[in-house]
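Chemist: Here is what each chain is made of, one letter per residue.
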Amino acid sequence: MLGQIISNGLLMGFIYSLVAVGLTLTWGVMDITNFAHGEMLMLGMYSAFWMFQLYSIDPLLSIPISAAVIFVLGILIYKLIIKKVLGGTGLTALLATFGLSMFLKNLVQYLWTPNYRYINGAIVTDNKIVIGNIILGMPQVVAAIGSIAMTLIVIYFMNKTKTGKAIQATALNRDTASLMGIDTGKIYAITFGLSGACVGVAGALMSSFFPIYPQSGALYSILAFVIVALGGFGNIKGALFAGLIIGLTEAVGGYFLGTQFKYALVFLIYLIVIQVRPKGLFGW
Amino acid sequence: MKSKLALFLVLIMLISTMATGCTSSQTQAPAEPPKTEDPANEPEGPAAGEPVKVGAILPLSGSAAATGVKLKYAIEVAQEIINGEHPDIALPLAETMGLPNLGNAPIQVVFSDHQGNPEIAKTEAERLIQNEKVAALVGAYQSSATKPASQSAERFKVPFVAGSSSSAALTERGLNYFTRIAPNDDMETEVFFEYLKYLNEETNADIKTIGVVFIDNEYGVHAAEMVDKWLEEKYAADGFEKVVAVKYPTDVTSVDTEVQQIKAANPDVLFHASYIGDITQFVKKYKEFEFSPKAVVNYCGGFQDTQFVVNLDKDGDFFSGGAACAPTLFSTMEVADKINELFKVKSGGENIDGPALEEFASLMVVADAINQAKSTNGDAIMEVIRTAKFDAPYFSTGAIQFDEKGQNFYSASFIVQTQGAEYEAVFPVEIQTAKPIAPFPTWTERK
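Protein sequences appear in the order of chains A and B. Here the numbering used here is used: the first residue of the first sequence is 1457, the next is one more, and so on. Here the numbering used here is used: the first residue of the second sequence is 98, the next is one more, and so on.
Fair warning: there could be bad hints in the mix.
Here are the simulated DSS-like cross-link-like pairs (lysine-lysine), alpha carbons at most 27 Å apart as the crow flies [what the hints assert, rightly or not]:
(1) A:K1584 - B:K360
(2) B:K435 - B:K384
(3) A:K1584 - B:K411
(4) B:K384 - A:K1584
(5) A:K1584 - A:K1735
(6) B:K254 - B:K502
(7) B:K486 - B:K150
(8) B:K294 - B:K326
(9) A:K1540 - A:K1616
Here are some chain A residues pointing at chain B (derived, C-beta under 10 Å) [as the list claims (entries may be wrong)]:
(10) I1471
(11) S1512
(12) D1514
(13) A1552
(14) R1573
(15) N1576
(16) Y1669
(17) S1672
(18) Y1676
(19) Q1716
I should point out that these hints are in silico values taken from the structure, not numbers from a laboratory. No residue lacks a Cβ here, since even glycine has one placed at the ideal position from N, Cα and C.
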């Protein structure tokens, strides 16, 4: 039984990680708390759902489409909202994204009703891997593999490409980066877009096993904030490991201490860690 | 870094504020009503031609919005029947326009969204009473929201008729202006046990051990308490025994851990108190982890929402639950069928479900009571609500009448079971449209 619980926790942890990787890019690099991150995830799920519903494109195949759609949405959010409030206090951006999150949720509810929707009949639906007594749902396994792959792509992009290094330079010091010839406005736009692409991928991966409705990104978003703070702001590897810690805490702690406490345990772990390492486990 | 932590603190505060509605019930003691704002002391009826306002507090956004919107459609159907001329529907107030005893004044429903948050439900109830001057309130679906909203109504002496809220605690508070149409979880639990006994007698299910799976709010916690109560008082003697209770948070990303706990205890039957999003996730996980109980009974909540069979199709088969209506019965219930037709126009073809029909009934009762009272005075309306017997041919019981606590003792609840993605009435036998199937076939046995 413990093996099953740990497996469940790890699989969920990888998915949490990918959602958090998107957030850590904007929070860590731009110092902007994007309250609409969960709604971007929700839109990623809806884009996969509509691709399946309207054009019979399997969620796995619609991953690039969802990523592209939310990448563009991320850039638009930056250009139309974030850019205007960058010079203000952190609270201004926070409230702007909070307003955006409310707007997106209500818009989706208006356009597509608040009904819970599921994708039945996807390639991975109803498939599973059985190892001894451990049952692993194929949708979750595929989502976990997809999350790891996307996280590695982001790590590669950040460390091996010029744009990625420019993002890191901008994160360290925006003014100096600007003096060195980096177009920081463009970098910010790309970072927001990349954050969107991460949740676009996560949304498409999750759409085959999680209900899709206007509030579906909300709880993932809250957990992502905890994961980013736990892993260290702007640290992608930190987000990956912190996601796993949260997934395991939720599963194992919930099983032994009571499922009603599983999210309380998650926040407790966060509070304990910041007492020991205020900058997060991998913060610098 | 400091700014980030500061922002994070702000974030946590905002999240806590948003989440208050989802975690626990609010139990404020009724305070003294403001003396200057007592609608009970206001003029008795609306001015000629003026509509009579009724407030409807529902979860129109938030995680229960999918259900809330359907409840709104049902209330709109009731409003349509009351305000229009529908001589073909054998219901009080259907034949004439508006309220005949008040100069054919129309009913105007003022909808309000509580977002599933008890605190908002309370403030919205006060807003509707003080600003909109509603004569009565209906709603609020989630018991945790109905509780504070009805306490506000009590303060202002405004009648509150709850349609589908099921926590028995709501009618145990000694409120004078609160009544409820749906069977409460106390009554539902008794019916569930009787159903299980019937299954044991009629089939070879041999159901003994019980698992209770419930959401951590007023609705779920109280339902779980009722299982304990009935076991202790009566049904433990019949050999029933609770082996596991799994309480889960109001918002969940995954129910894997919960299902593992249930699977480890391996109960014969599950008592579920869950909303539509949760119950659907649970069923999917039961299938994934190959957990097949002999039966599952669901309190009034997500199972009754027709999206249950839409989303799960045949995977949702063989689940049971209390219900106020079943589309398979409509062929023999003319009024219910006509209500359903009007409902389907609004819902895009989806059938009316039990909670929606109960919310429909709540507005019909309120309108009928105002008409009989010939007044919008809260005390006069309440006098009629407490003493009259209301025709309700859309329910299998045919009537609504409230006891001294405000509970409808003609509560229309029977057991339905999903068979072939349809809700079939299976218990009691007098209204059976199909024989119940028990035990559950295992997931691998299903076609």
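Chemist: If a hint holds in the structure, say so; if it does not, say that too.
Modeler: Structure-based check of each hint:
no., hint, verdict
1, A:K1584 - B:K360, "holds (17 Å)"
2, B:K435 - B:K384, "violated (37 Å)"
3, A:K1584 - B:K411, "holds (19 Å)"
4, B:K384 - A:K1584, "holds (11 Å)"
5, A:K1584 - A:K1735, "violated (39 Å)"
6, B:K254 - B:K502, "holds (16 Å)"
7, B:K486 - B:K150, "holds (23 Å)"
8, B:K294 - B:K326, "holds (17 Å)"
9, A:K1540 - A:K1616, "violated (31 Å)"
10, I1471, "holds (8 Å)"
11, S1512, "violated (17 Å)"
12, D1514, "violated (18 Å)"
13, A1552, "violated (13 Å)"
14, R1573, "holds (7 Å)"
15, N1576, "holds (7 Å)"
16, Y1669, "holds (7 Å)"
17, S1672, "holds (9 Å)"
18, Y1676, "holds (6 Å)"
19, Q1716, "holds (4 Å)"
The structure fails hints 2, 5, 9, 11, 12, 13 (numbered hints given earlier, in ascending order).
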